[in-house]
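S.K.: Keeping their order, the protein sequence lines are chains A and B. So that you can map any letter, position 319 of the first sequence is 319 in the numbering used here, and since no number is skipped, the others follow by simple counting. For any residue, its number in the numbering used here is found by taking its place in the second sequence, counting from 1, and adding 1000.
The set of hints was computed from the structure by calculation and includes no laboratory data. Just so we're clear, the structure is a prediction, and the values are computed from it rather than from any experiment. Think of the CB as a built atom: it goes at the ideal place given N, C-alpha and C, for glycine as much as any other residue. Fair warning: there could be bad hints in the mix.
As the list claims (entries may be wrong) - Here are the simulated lysine-lysine pairs, DSBU-like style, with alpha carbons at most 35 Å apart:
#1 B:K1219 - B:K1162
#2 A:K328 - B:K1170
#3 B:K1170 - A:K325
As the list claims (entries may be wrong) - Here are some chain A residues pointing at chain B (derived, C-beta under 7 Å):
#4 S2
#5 L6
#6 L8
#7 G62
#8 L117
#9 E169
#10 N249
#11 W310
#12 S363
#13 L366
#14 N368
#15 G396
#16 F408
#17 V409
Number of protein chains: 2
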Amino acid sequence: MSTRDLILEMARKAVEAKSHLRSLGRTQKDMALKEMAELLWQERDFLFSENQKDIESAKREGLPLPMIGRLRMDEKVLRSMVDGILEVASLPDPVGEITRMWRRPNGLLVGRMRIPLGVIGFIYESRPNVTVDAASLCLKSGNAVILKGGSEAIHSNLALEKVISKALEKAQVPKGAIQVIPTTDREAVEVLLGLDEYIDLIIPRGGEGLIRFVAENSKIPVLKHYKGVCHVYVDEFADLEMAYEICMNAKVQRPEVCNAMETLLVHRAVAEEFLPEMIKRYRKKGVEIRGCEETRAIVPDVVPATEEDWSTEYLDLILSVKVVKNLKEALAHIERYGSKHTDTIVTKDHKRAMRFLEGVDSSVVLVNASTRFNDGFQLGLGAEIGISTTKLHAFGPMGLEELTTTKFVVFGDGQLRE
Amino acid sequence: MSTRDLILEMARKAVEAKSHLRSLGRTQKDMALKEMAELLWQERDFLFSENQKDIESAKREGLPLPMIGRLRMDEKVLRSMVDGILEVASLPDPVGEITRMWRRPNGLLVGRMRIPLGVIGFIYESRPNVTVDAASLCLKSGNAVILKGGSEAIHSNLALEKVISKALEKAQVPKGAIQVIPTTDREAVEVLLGLDEYIDLIIPRGGEGLIRFVAENSKIPVLKHYKGVCHVYVDEFADLEMAYEICMNAKVQRPEVCNAMETLLVHRAVAEEFLPEMIKRYRKKGVEIRGCEETRAIVPDVVPATEEDWSTEYLDLILSVKVVKNLKEALAHIERYGSKHTDTIVTKDHKRAMRFLEGVDSSVVLVNASTRFNDGFQLGLGAEIGISTTKLHAFGPMGLEELTTTKFVVFGDGQLRE
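So here's chain A without its partners, still in its complex pose (with noise of 0.2 Å):
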């Protein structure tokens, strides 16, 4: 079979079993959830073995250390996905929620029904893990998936589809509710993106070459994630023992992550006091500074900024520093430079916290707390399937809200339109 026929294939399947999906009962979907759980342990022996495969040729091919630990399963990488779908299985389902319901003057009743989008379109790089994350989200919130992870790690993500598909089988799902694409092949992706009339929504996660290719080449509705370049702005009336620790979180808990800091915005007025001790903490965890002209004037030894450092996610410990005149000019920065992900204020001033707070468009604004909380679990979603960087339908982390739509229902008893 030619592979545009393959996943044209997959896409009637994925839309048959849509309608079904659409109308499953909690107790029927955590059941699936459940079997999952218990299948994908039973049969770790076979998901190891499969996935030694994968490591094998990852090894043959001479990709990065970090990588290849990145494709492994073990045991514990196996247990925090199982407990990751038990997870899924106990939030409550948001299908079929009412989220407001209202009574119009001619006597109709008329409220928001929370429904799944339909079909779902999931493109990843990497971690066989995000696999067994996508389907369960999907699947508790009644959409139908179609998984492309990447060509690495395609023996693992089968061994999984196999494992989910007996799963799926037991709890009487149709299998066409989680499908992984069978081939390596680049043009799996491209046809899987003009797919318009089948799939609904293409969800891609992974490195900004993969999410641009992706946007770039749909005719399906995207929800992209573009890098983050977050800020943390420690302003003049700052409590500075709490600043340091927030941006010192911010920067090394995690660096490599997209909500981690990457530029620190200093009001001039505490900049003398704060800049020397802040930069003497972060070298001692080893990362790089590069200053604006009055960050080097403060703190001399500091590499010299550059423009391009402005608006670059280092993903490192590397971290740009800028003094600033006044909150103003705080803002002006970040929206000049940022990303629209995830930018914090420490402050004590309250009329400065609830203007930082209304200034700044990004997905996720704070105010004395680090930028590492943008997270769907952090956030209290109990689940995320990504964060979004643009603003249409989602903007922010994504949970299983973000996965339905609403449709709007009418209780009258014989309204007439006049």
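Once you have looked at the hints, place chain B on chain A.
M.R.: Then chain B, alone, in the frame of chain A:
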């Protein structure tokens, strides 16, 4: 200036205005709207004389009379445009609303705050009142808008923009907030649809041809409104007197609009009683009936419906009629031939009503009420900028809220991620 440069300059102005609009308070937005209303009425002679140019050129080009009628602006049309603006001014400001707020175990207070989308491109046909509608809804929701109306209405639209600009100036709102593309060049639309770095959302409003063109050529997300193939299903347990009224209202009250009924489904158990009387009533109103075999066995002089009829949006006094053996067959018919727009069940049976409500995958699903209620005003949204028949971001009628998104706002007191 080339068309490309012209559109690019407009987009840049819109982006500039966007940052300003985001933080405008309700008072200033409403003041600008009231200025608009006042000045449009004051400058009516200028508007009518510019409108006359469009009317004359439409006559010269031999446009159909109903189209020329829709183009015309007189005191009555202008009055209702002005009233529309004042109504928008009286609506609550969606921006800044915190839709929910919750406390996390670590003390973080997390909420979702409504914010504008940014810059909206609005592409539409014919009627100049849409220019004013879209302008006032976008302004109220804090978005900048670039308007591209039909070439037949170019003089009217530019005249409206001229007056609107004066009003914006008086209210100290940047002119980039509301701009009309001053050319009828088709290239303008193509350029506009490619500016995904400047424009956040495209809303097309008009015939299916326009909407398909926009959807296929846009790099920017599009809120689509495809055709409305709306159904009324008269159940075995319907109150037949109510059914006659609802079916009549849904079909003939305004047959040319998208929420009018196009297909009537009747449960077999009541078909013999219901159809002869219903069809008799329809014929009195000049409705042409196209029926399935069973319908024709009951009412012999009905034209046979072809396969094509089931998916046709007549927008006219034509109705296709099908007898179904049960609710399940009705649901399957709507799933296959419907357009996810609006569908109604007429029944006295609670279980059937709820099964229909949950089983139909359309933007508005009604029990015992006319399909004609799929409308932002009728459902209580206070306004309507269009109806979305795709699920992402908005599904069904779109009011002010649908022109916004939410960001997460987080209040902490030094929380760090562990």
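S.K.: Look at each hint and say if it fits the structure.
M.R.: Outcome of the hint check:
| no. | hint | result |
| --- | --- | --- |
| 1 | B:K1219 - B:K1162 | holds, 30 Å |
| 2 | A:K328 - B:K1170 | holds, 26 Å |
| 3 | B:K1170 - A:K325 | holds, 32 Å |
| 4 | S2 | violated, 24 Å |
| 5 | L6 | violated, 25 Å |
| 6 | L8 | violated, 19 Å |
| 7 | G62 | violated, 34 Å |
| 8 | L117 | holds, 5 Å |
| 9 | E169 | violated, 24 Å |
| 10 | N249 | holds, 4 Å |
| 11 | W310 | violated, 18 Å |
| 12 | S363 | holds, 6 Å |
| 13 | L366 | holds, 4 Å |
| 14 | N368 | holds, 4 Å |
| 15 | G396 | holds, 5 Å |
| 16 | F408 | holds, 4 Å |
| 17 | V409 | holds, 5 Å |
Comparing the model with each earlier hint shows violations of hints 4, 5, 6, 7, 9 and 11; every other hint is respected.
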